[in-house]
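Chemist: Could you put the whole structure together from the sequences, leaning on the hints where they help?
The listed protein sequences correspond, in order, to chains A and B.
The opening position of the first sequence corresponds to residue 589 in this note's numbering, with each subsequent residue numbered one higher.
The opening position of the second sequence corresponds to residue 153 in this note's numbering, with each subsequent residue numbered one higher.
Warning: the hint list may mix true and false statements.
[To be verified] Straight-line Cα separation of at most 25 Å, DSS-like style, residue types lysine-lysine; simulated pairs: (1) Lys250/B <-> Lys287/B; (2) Lys287/B <-> Lys247/B; (3) Lys636/A <-> Lys614/A; (4) Lys612/A <-> Lys636/A; (5) Lys719/A <-> Lys247/B; (6) Lys323/B <-> Lys761/A; (7) Lys719/A <-> Lys250/B; (8) Lys343/B <-> Lys719/A; (9) Lys250/B <-> Lys343/B; (10) Lys247/B <-> Lys733/A; (11) Lys694/A <-> Lys719/A; (12) Lys287/B <-> Lys323/B.
If you're looking for bench data, these hints aren't it; they were derived computationally from the structure.
Bear in mind the structure is a predicted one, so any value in this text is a computation, not a measurement.
The residues making up each chain are set out below.
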Amino acid sequence: MMTSRHLAPSLEFLLQEIQGIRTKRKGQRRLRVDLSAETLPALLELLKGRAGYVHLSAISCVDWIEQNEFELVYHLWSYETRVLVMAHIRIPRDHGVYVSVYDLFKPAAFFERDIHEMFGVYFEGSPDMGKFILTEWDGPPPMRKDFDGEAWVMEHFTWQDYRPEWLAEIEAKGGGITTRPEDVRR
Amino acid sequence: MSELENIPVVAQGGAAPAKAGEEKSGGLFSRVFDELTAFCRSRSMFMLHYCTGCGAIELPPAMTSRFDMERLGIQPMVTPRQADILLITGYVSIKTLKRVILTYEQMGSPKYVIGICSCTVNGGMYWQSYATAKKLNEYMPVDLYIAGCMPRPEAVITGMRELMENIRGGKADNWRDYYRRYDWYLGNQQKLFGERWQTPTDVIGEARHYGLLGDQTLGEHTALLERHRVPLPPMEMRLGLKQEGQG
Numbered sequence: 589m590m591t592s593r594h595l596a597p598s599l600e601f602l603l604q605e606i607q608g609i610r611t612k613r614k615g616q617r618r619l620r621v622d623l624s625a626e627t628l629p630a631l632l633e634l635l636k637g638r639a640g641y642v643h644l645s646a647i648s649c650v651d652w653i654e655q656n657e658f659e660l661v662y663h664l665w666s667y668e669t670r671v672l673v674m675a676h677i678r679i680p681r682d683h684g685v686y687v688s689v690y691d692l693f694k695p696a697a698f699f700e701r702d703i704h705e706m707f708g709v710y711f712e713g714s715p716d717m718g719k720f721i722l723t724e725w726d727g728p729p730p731m732r733k734d735f736d737g738e739a740w741v742m743e744h745f746t747w748q749d750y751r752p753e754w755l756a757e758i759e760a761k762g763g764g765i766t767t768r769p770e771d772v773r774r
Numbered sequence: 153m154s155e156l157e158n159i160p161v162v163a164q165g166g167a168a169p170a171k172a173g174e175e176k177s178g179g180l181f182s183r184v185f186d187e188l189t190a191f192c193r194s195r196s197m198f199m200l201h202y203c204t205g206c207g208a209i210e211l212p213p214a215m216t217s218r219f220d221m222e223r224l225g226i227q228p229m230v231t232p233r234q235a236d237i238l239l240i241t242g243y244v245s246i247k248t249l250k251r252v253i254l255t256y257e258q259m260g261s262p263k264y265v266i267g268i269c270s271c272t273v274n275g276g277m278y279w280q281s282y283a284t285a286k287k288l289n290e291y292m293p294v295d296l297y298i299a300g301c302m303p304r305p306e307a308v309i310t311g312m313r314e315l316m317e318n319i320r321g322g323k324a325d326n327w328r329d330y331y332r333r334y335d336w337y338l339g340n341q342q343k344l345f346g347e348r349w350q351t352p353t354d355v356i357g358e359a360r361h362y363g364l365l366g367d368q369t370l371g372e373h374t375a376l377l378e379r380h381r382v383p384l385p386p387m388e389m390r391l392g393l394k395q396e397g398q399g
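Modeler: Following this line, the structure appears as structure tokens:
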């Protein structure tokens, strides 16, 4: 098809309008864009206005604890160019504040609320930063790398007693244990 | 506190299921009658399967024509109030556990709980997860565990048969344990859900009504419940057509 082959280079042409941007073709329909956090809203506006990027499929977050940064990835899809654009930005980890893109894409509210809950990143201007799925949770954001889930579990839960007499009963019927709990747990 | 006491009790003795087991020594007739009741009870089990996890996928083959649970008198039921068995099939997240406890407390006695899959026994493959409860029997009395990840329909049916045997022999009476040691169960629930946790069911009142009040029914945790208990407002029910939003 003519359109899909020719519109994608024009997209790269469009991206050159933004300063300090690095693009990388990851495939025929996938384009990775690395840029600074300040220029992301401008990029999204440009993509939405000029290349038909009306679909924000997801915002994902990566915790780079060694670099002390959060990486936010905005996945955008255009039904006109049919190229997936993944815009990567880095924000400092200790504040973890960024602007919301809710004014451009309404579904962003959902993703931002989720990231706020799981990573503790605060999005300024997002309509609701309240609890979302983890309504019962008041610990630290559980998907941050510095949250040790296993230690938390060990502190809060107890384990079933090991009852050899039950096992003897089961083994008499042909069953049994293949992996013992001690082999897996630390 | 207990509004259950205000409900007039018409039938005595045999009508209250809790007393059936304790009156075993009451003569030949009642013993035969108890055995008959237990036999009938074991052959008509209505199960409510609370499909929390992957284990639920093993139930359709167990229920339908291939393995056909109904030949043993086990069939699915749609509401907790009409069900005898509560099947927990898989991991129970802390949020789900609240709903499971609400469901369990609404079931009429005698009631039985079966934990299917390793997750209900000890957390299973989600043992390191902050979001799932580990031991189901800390929060409600479990009659039988069917371990495996996941147990095949044969194992499910074997487990069911074992429960049937236990009911017939009068060994499966863990539901009484919930009334007798309610303070312990409530304490474990409060550890997870916070001290403001409460359910609409008045368990202590029920225990009093059925004569199942043990020395561990009341304790520090139930005292905490009393302190935080908020009386539930009666649910509003209106019949007729809605006036708004019709234009």
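Chemist: None of the hints should be skipped; say for each whether it holds.
Modeler: Tested hints:
| no. | hint | verdict |
| --- | --- | --- |
| 1 | Lys250/B <-> Lys287/B | 14 Å, holds |
| 2 | Lys287/B <-> Lys247/B | 15 Å, holds |
| 3 | Lys636/A <-> Lys614/A | 21 Å, holds |
| 4 | Lys612/A <-> Lys636/A | 20 Å, holds |
| 5 | Lys719/A <-> Lys247/B | 13 Å, holds |
| 6 | Lys323/B <-> Lys761/A | 21 Å, holds |
| 7 | Lys719/A <-> Lys250/B | 18 Å, holds |
| 8 | Lys343/B <-> Lys719/A | 21 Å, holds |
| 9 | Lys250/B <-> Lys343/B | 12 Å, holds |
| 10 | Lys247/B <-> Lys733/A | 24 Å, holds |
| 11 | Lys694/A <-> Lys719/A | 18 Å, holds |
| 12 | Lys287/B <-> Lys323/B | 22 Å, holds |
In summary, the structure agrees with every hint in the numbered list given earlier.
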